[in-house]
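Just need the whole structure built from these sequences, with the hints factored in.
As you go down the protein sequences, you meet chains A and B in turn.
Reminder that position 58 of the first sequence reads as 58 in UniProt numbering, one-by-one numbering, no gaps.
Reminder that position 161 of the second sequence reads as 161 in UniProt numbering, one-by-one numbering, no gaps.
Simulated from the structure, these hints should not be mistaken for lab results.
C-beta: ideal position from N, C-alpha, C; glycine also.
Hints are not guaranteed to be accurate.
To be verified - Some residues of chain A that are not near chain B, with every Cβ distance over 12 Å (derived):
{"#": "1", "residue": "17"}
{"#": "2", "residue": "24"}
{"#": "3", "residue": "26"}
{"#": "4", "residue": "35"}
{"#": "5", "residue": "36"}
{"#": "6", "residue": "51"}
{"#": "7", "residue": "91"}
Said to hold, decoys possible - If you only want the chain A side, here are some residues facing chain B, beta carbon under 7 Å, derived:
{"#": "8", "residue": "2"}
{"#": "9", "residue": "87"}
{"#": "10", "residue": "90"}
{"#": "11", "residue": "110"}
Unchecked claim - So the derived label-pair ranges between C-beta atoms look like this:
{"#": "12", "chain 1": "A", "residue 1": "76", "chain 2": "B", "residue 2": "125", "range": "55 to 61 Å"}
{"#": "13", "chain 1": "B", "residue 1": "70", "chain 2": "A", "residue 2": "109", "range": "48 to 54 Å"}
{"#": "14", "chain 1": "A", "residue 1": "74", "chain 2": "B", "residue 2": "138", "range": "51 to 57 Å"}
{"#": "15", "chain 1": "B", "residue 1": "346", "chain 2": "A", "residue 2": "71", "range": "47 to 53 Å"}
{"#": "16", "chain 1": "A", "residue 1": "24", "chain 2": "B", "residue 2": "342", "range": "29 to 35 Å"}
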Amino acid sequence: MARYVFLMYDSEDWYDTADEQGVADEFRLHEEFMAAVAAAGAEVVGGEALERSSAATTVRGGGSEPLVTDGPFADTKEALGGFYVIEAPDLDVALRLARACPAGNVEVRPVMEMPDTA
Amino acid sequence: MPAVEDVFRGAWPVVVAATVRLTRDLDLAEDCAQEAVERALRTWPATPPENGTGWLTTTARRIALDRLRRDTVLQRKLPLLVEPAGDDGDPAPTDPLRLVFTCAHPALARASQVALTLRLVCGVDVAAIAAVLLTGEAAVARRITRAKQKIAAARIPFRVPPDDELPARLDAVLTVVHLAYTAGHVTVRGPLRDARLTGRATELARLLVGLLPDEPEPQALLALVLLTEARGPTRTDPDGDLVLLPAQDRSRWDRALIREGLARATTAVRHPRRGRFAWQAAVAGLHAVAPSWAETDWAQIVTTYDALLASWPSPVVALNRAAARSQVPGADLEAVLREIDALAPDLAGYPYLPAARADVLARLGRTDEAAAAYGVALVLTTNPVERRYLARRQAELVA
Chain A
1 MARYVFLMYD SEDWYDTADE QGVADEFRLH EEFMAAVAAA GAEVVGGEAL ERSSAATTVR
61 GGGSEPLVTD GPFADTKEAL GGFYVIEAPD LDVALRLARA CPAGNVEVRP VMEMPDTA
Chain B
1 MPAVEDVFRG AWPVVVAATV RLTRDLDLAE DCAQEAVERA LRTWPATPPE NGTGWLTTTA
61 RRIALDRLRR DTVLQRKLPL LVEPAGDDGD PAPTDPLRLV FTCAHPALAR ASQVALTLRL
121 VCGVDVAAIA AVLLTGEAAV ARRITRAKQK IAAARIPFRV PPDDELPARL DAVLTVVHLA
181 YTAGHVTVRG PLRDARLTGR ATELARLLVG LLPDEPEPQA LLALVLLTEA RGPTRTDPDG
241 DLVLLPAQDR SRWDRALIRE GLARATTAVR HPRRGRFAWQ AAVAGLHAVA PSWAETDWAQ
301 IVTTYDALLA SWPSPVVALN RAAARSQVPG ADLEAVLREI DALAPDLAGY PYLPAARADV
361 LARLGRTDEA AAAYGVALVL TTNPVERRYL ARRQAELVA
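Okay, structure coming up:
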């Protein structure tokens, strides 16, 4: 098995427009997704939904003194809204699950395997 | 008895493909294949053993297993890595196919798919791949390294995809195999063709047909390459100079390859889900059955290109269609020339456009312009055999 982080990028309109029903629908979609993960012989080993990107603070390194700025690292139309950590047998399974993931865009990133934690 | 060198070259992709089945790591598989070759160099007598490929495969896999057992990190993963019982380690005929599906995985960029397939499955060196991809050697080496790292880090599996995923995966594999064939059909640095590379691509096309016997496009690709292979030896004269289709000795075309190619092309074209390779095979078939250049059914070829353009709009196809149209008896060559010129913006740097233009201009009696167009084609052409041909045509016009 290998671990992958699913980085979910979406328009942030949802934060403004979702009513109670919208939030409930979203939760249901994610429950269905987690059920699909289990059914595929994979496992959700972590994940969080994130507050909107305007709530982010970025600390920029590189200079002599880190620079603190308001907002996300990269200001894009579609912002990182949440992530899953998924354990799956291989990339084909991970990509199949990413297609079932309720998000506009999903970046699938393999987790670096450390010799001591294997 | 083949020379030791030939055995190595021919065996390489098979050995790597069979070893990666065990290691799941391309670099490690290549290392082990290399070590097996070194052992062979030390221990083989002047002539290779009966089954050199089998010997190399078994040796490479033994080396891989030793390394996997020695490596403490890998040791923990060993239970996951080792193949299910019953894998005797012999190279399986479908090993190269698994490797192609890995190399042409949709998670890799198309240029990486092509570079990996040419390097790992076809044994093409980095310099030649760079020429095919119109980029530098360092860039290709980097691309291959990155792609191998991604395959390992992201765990792109070494397998032929399950049936429900095959259709979506097939087109990339067909495209990559066709590109491999094309790279051998006209090589970058000469001679005109690399029969080992076209042969390897033909084998892969055949394996794809075996995998998906009811799908039309693998049949069509195999038909296309067989019909093209049939003409292979007649494409150059005894001096190694280029002989184009009009002047080729059709009595020397390989009848067996043509028979098989025509049968497969017919099946593919009649299939309701026929695609672009079916039409390309149909064109190749129409050439194959023509008794001579003059007696070729050009109208039918133009119609077939129309069908191909409808399913697969491509400026290269449009150029081929224009060239075919110029051969239809009574063709309006001025109109053809305008058609070719209209394609120029989309085909900048494509040598066959100025070459086709030069041919039409020469037939129109516009000699100076034709000679200039051959000059442009010469600048863009790298294959020395094609260059000699273009230079000869140019000289004939100027004379």
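Hint by hint, here is what the structure shows:
1. At roughly 33 Å, the least C-beta separation between residue 17 (chain A) and chain B is larger than 12 Å, which holds for a residue marked as non-interface.
2. Annotated as non-interface, residue 24 (chain A) keeps its C-beta farther than 12 Å from every C-beta of chain B; the closest such distance is 32 Å.
3. No beta-carbon of chain B is positioned within 12 Å of the beta-carbon of residue 26 (chain A); the least distance is around 28 Å.
4. Distance check on residue 35 (chain A): its Cβ is at least 20 Å (rounded) from any Cβ of chain B, clearing the 12 Å threshold; non-interface status holds.
5. The beta carbon of residue 36 (chain A) sits about 15 Å from the closest Cβ of chain B, which is more than 12 Å, so the claim that it is off the interface holds.
6. For residue 51 (chain A), the shortest C-beta to C-beta distance to chain B comes to about 29 Å, beyond the 12 Å cut-off, and the non-interface label holds.
7. The beta carbon of residue 91 (chain A) is not kept farther than 12 Å from every beta carbon of chain B, the shortest such distance being approximately 5 Å.
8. A least Cβ separation of about 4 Å between residue 2 (chain A) and chain B falls short of the 7 Å threshold, and the interface hint therefore holds.
9. Here the hint on residue 87 (chain A) is broken, as its CB sits about 11 Å from the closest CB of chain B, past 7 Å.
10. For residue 90 (chain A), the suggested interface contact is upheld, since its CB lies about 4 Å from the closest CB of chain B, less than 7 Å.
11. With a cut of 7 Å, the hint placing residue 110 (chain A) at the interface with chain B holds, because the nearest CB-to-CB distance is about 4 Å.
12. Hint check: residue 76 (chain A) to residue 125 (chain B), Cβ distance near 41 Å, so the stated range 55 to 61 Å is violated.
13. Restraint check, residue 70 (chain B) to residue 109 (chain A): a C-beta distance of roughly 30 Å breaks the suggested window 48 to 54 Å.
14. A hinted range of 51 to 57 Å is violated for the C-beta pair residue 74 (chain A) and residue 138 (chain B), which are about 29 Å apart.
15. Restraint check, residue 346 (chain B) to residue 71 (chain A): a C-beta distance of roughly 42 Å breaks the suggested window 47 to 53 Å.
16. Between residue 24 (chain A) and residue 342 (chain B), the C-beta spacing of about 57 Å breaks the proposed range 29 to 35 Å.
Checked against the numbered hints given earlier, this structure breaks hints 7, 9, 12, 13, 14, 15, 16; the rest are met.
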